[in-house]
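Enquirer: Please model the entire structure based on the sequences and the hints provided.
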Amino acid sequence: MSDLHKEVSELEGRSATAARLFDIRLIIGGLFTLYGVIVTVAGIFVSDADMKKAEDVNINLWTGLAMLALGLFFLGWMKLRPVEIPPPSAADAAGPEK
Amino acid sequence: MQSPTYYLAEGLRLPTNGLDYTILAIYFIVVLGIGFAARASVKTSLDFFLSGRSLPAWVTGLAFVAANLGATEILGMAATGAQYGVAVVHWYWIGAIPAMVFLGLVMMPFYYGSKVRSVPEFLLQRFDKSAHLLSSVLFAFAAILIAGVNLYALSIVVEALLGWPQWVSIVVAGFFVLAYITVGGLSSAIYNEVLQFFVILAALIPLTVLGLKRVGGWDGLSDSLTASKGENFLSAWGGTGIGDANPLGANWLTIILGLGFVLSFGYWTTNFAEVQRALSAKNLSAAKRTPLIAAFPKIFIVFLVMIPGLVAAVIVPKIGTAGSDLTYNDAIPLLMQELLPNGVLGIAVTGLMAAFMAGMAANVSSFNTVFTTDIWQKYVVKDREDVYYLRFGRLITAIGVLASIGTAFIAASFSNIMSYLQTLFSFFNVPMFVVFIIGMFWKRASMKSGAWGLVAGTTAAMVNYFWIYKQGVIDIPSDQGANFVSAIVGFVAGAVVMVAVTLFTAPKPEAELAGLVYGTTSPGMAEPPAEGDDAWYRKPALLGWGAIVIAAACYIPYSF
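Top to bottom, those sequences are chains A and B.
Under the working numbering, the final residue of the first sequence carries the number 98; numbering is consecutive throughout.
Under the working numbering, the final residue of the second sequence carries the number 560; numbering is consecutive throughout.
Since the hints were made in silico from the structure, they are not lab data.
Hints should not be assumed to be uniformly reliable.
[Stated by the list, open to error] Counterexamples of contact, computed for chain B against chain A with all Cβ distances above 12 Å:
#: 1; residue: P206
#: 2; residue: P297
#: 3; residue: K448
[Claimed, not checked] Using 25 Å as the maximum straight-line C-alpha spacing, the simulated PhoX-like pairs for lysine-lysine come out as follows:
#: 4; chain 1: B; residue 1: K129; chain 2: B; residue 2: K539
#: 5; chain 1: A; residue 1: K53; chain 2: B; residue 2: K213
#: 6; chain 1: B; residue 1: K213; chain 2: A; residue 2: K52
#: 7; chain 1: B; residue 1: K378; chain 2: B; residue 2: K129
#: 8; chain 1: B; residue 1: K229; chain 2: B; residue 2: K448
#: 9; chain 1: B; residue 1: K378; chain 2: B; residue 2: K448
#: 10; chain 1: B; residue 1: K213; chain 2: B; residue 2: K318
#: 11; chain 1: B; residue 1: K378; chain 2: A; residue 2: K6
#: 12; chain 1: B; residue 1: K229; chain 2: A; residue 2: K6
#: 13; chain 1: B; residue 1: K213; chain 2: A; residue 2: K6
#: 14; chain 1: B; residue 1: K382; chain 2: B; residue 2: K448
#: 15; chain 1: B; residue 1: K282; chain 2: B; residue 2: K539
#: 16; chain 1: B; residue 1: K282; chain 2: A; residue 2: K79
#: 17; chain 1: B; residue 1: K318; chain 2: B; residue 2: K229
#: 18; chain 1: B; residue 1: K213; chain 2: B; residue 2: K229
#: 19; chain 1: B; residue 1: K129; chain 2: B; residue 2: K382
#: 20; chain 1: A; residue 1: K53; chain 2: B; residue 2: K318
#: 21; chain 1: B; residue 1: K539; chain 2: A; residue 2: K6
#: 22; chain 1: A; residue 1: K6; chain 2: B; residue 2: K282
[As the list claims (entries may be wrong)] What the simulated footprint calls covered on chain B by chain A, stretch by stretch (three residues with Cβ under 8 Å from a Cβ of chain A suffice, anywhere in the stretch; the number is not a length):
#: 23; region: 21 to 32
#: 24; region: 38 to 44
#: 25; region: 110 to 122
#: 26; region: 216 to 222
Model, not experiment: these values are computed from the prediction.
From the three backbone atoms N, C-alpha and C, an ideal C-beta is built for every residue, glycine too.
Expert: Laid out in structure tokens, this is it:
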């Protein structure tokens, strides 16, 4: 094996990303649920001027509901299929930062 | 693919209110939060630069498409739509999809399997130090330049839309990017790109829907544009016969060879800011699927930029001409101002800001990797412990961001020099692809041929563009068309020189080529597929060919 192979394989063995990195689905789900609620509420209290501007579409309501649905989809996906954390590597047992 | 410099018209100030600013503020908090939450996962330099090669394919795939979906790309492609019409689809369906599929299906086994951490590192393994150093240094410069230009473009757009002084947005956006990448590394950059992908969709979809409604649907849109601009404006290939005149200034042959083959393959398969996303995937199957998963949204994103561009051309028929204050780049900001009420407007502003920051972050996070592993670790301070390179990576990230802030301020005073430099660097991408393709498929290609191919191809493309085209030796109708032709010239020159140099110099020893050249495999790459990777919808061949078929089918309604 080449030196590069050895070096990168050794670093992969000590890598902490797989074990410690949080799940991005939580952030997407949380942010879009929050945005969805905010924009949907703006759509519920829509003004005539806003309706006129947006070609008589209650765009806040529709966009808000769609964002809410996307947010809940990600939260649900995370709940149903949680990430399997790989068994801790030898380096983890030895403590952080070598 | 290359971002022009932006001038937005005055009078585009958006009627933002507290609701919109709340939405924007929440986003900035989340961006920082991702950075600090990712910090715990950074233990080695590989975690910092490549997320420990452990991310799932859907994450790297969406980051792959988002890294390209910077705001300069979004505004620029909407501008292309407003200027040239439906022909903008070429940049997506022929100028991106085939190259992305090629990267996933053909090149990824060599890239990922060889365990290289960057695109220049592959050149070091396959060729020699001169090819490596040349491409590393040029990439590092170009990345900082593009990051700075992104930042400058952001400041112009934010000044026009929100009224912030330019220096405020340069410093604020630069600071946020610095914070989240220095702390969280590539994982933080990639996670923010995934988030940005969804926010930009949430911004562009309502804009497209309302824009279409405003002009009477697709039928109303095509009727008024046919009346004002002619049939060819709504056709992908109309007027592209060789010798015919069309606004793009290119014929079908230069579109297919120049844009579809050389430029697009050069960008998508050798630009490290893109390839890095695939190299951070958790296994070979996920790495192959990264550009393939990205290809599907890429096929359809064109509608979300083209339609606002076309709608703008209907609403303001004189857009981009001397008769109007508005330039083509104003298409999307114009529709935001005209159509979006507060709330969705906040989402759209957030989406644009996010896209600018992601475009900058993709360059910064690839710059720090190349500078640390390819330049510093190989030529300056060698053989130190890993913690040293991790610390150095964080330091150089901060320095890189400060340098791009400086570049943004220089761009603000000398924007002509900047666009000139960008054109210069764009010619370096062209021979990269020829060097890769010959290096990967021709075992005999010698160690020295790599560097010579790079130099010859770059020089030929530049000579063609700056001398033969700019001095009028040959008549090419537009900059765009000349760009395509220069790419083809650079490719051919690079290939010829590589073959010639190979004939007179020594090949790389066979043993060192394992896993780098077609027909060889890396030692230890026969790892068993991860559980679930054999599902039919995860088969790379199906995903790749599926994307090609869909992209080809998309052409049908715009071709006859």
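Enquirer: Hint by hint, say whether it matches the structure.
Expert: Tested hints:
1. P206: Non-interface label on P206(B) violated, nearest chain A Cβ at 5 Å vs cutoff 12 Å.
2. P297: Its Cβ never comes within 12 Å of chain A, the nearest being 14 Å, so this holds.
3. K448: holds (20 Å)
4. K129(B) x K539(B): It is violated: about 37 Å lies between the C-alpha atoms, which goes past 25 Å.
5. K53(A) x K213(B): holds (12 Å)
6. K213(B) x K52(A): Status holds; Cα separation ~12 Å.
7. K378(B) x K129(B): holds (10 Å)
8. K229(B) x K448(B): This hinted pair is violated, its Cα atoms lying about 52 Å apart.
9. K378(B) x K448(B): Roughly 19 Å separates the two Cα atoms, so the pair holds.
10. K213(B) x K318(B): Holds, at roughly 21 Å.
11. K378(B) x K6(A): holds (16 Å)
12. K229(B) x K6(A): Distance of about 61 Å is beyond 25 Å: violated.
13. K213(B) x K6(A): Not satisfied, since the Cα-Cα distance of roughly 59 Å exceeds 25 Å.
14. K382(B) x K448(B): holds (24 Å)
15. K282(B) x K539(B): Given pair K282(B), K539(B) holds - Cα atoms ~16 Å apart, limit 25 Å.
16. K282(B) x K79(A): Roughly 22 Å between the alpha carbons, so the hint for K282(B) and K79(A) holds.
17. K318(B) x K229(B): Roughly 11 Å between the alpha carbons, so the hint for K318(B) and K229(B) holds.
18. K213(B) x K229(B): holds (20 Å)
19. K129(B) x K382(B): holds (15 Å)
20. K53(A) x K318(B): holds (22 Å)
21. K539(B) x K6(A): violated (29 Å)
22. K6(A) x K282(B): Between K6(A) and K282(B) the Cα gap is close to 18 Å, so the pair holds against 25 Å.
23. 21 to 32: holds (count 5)
24. 38 to 44: holds (count 6)
25. 110 to 122: holds (count 5)
26. 216 to 222: Check failed, 0 qualifying residues.
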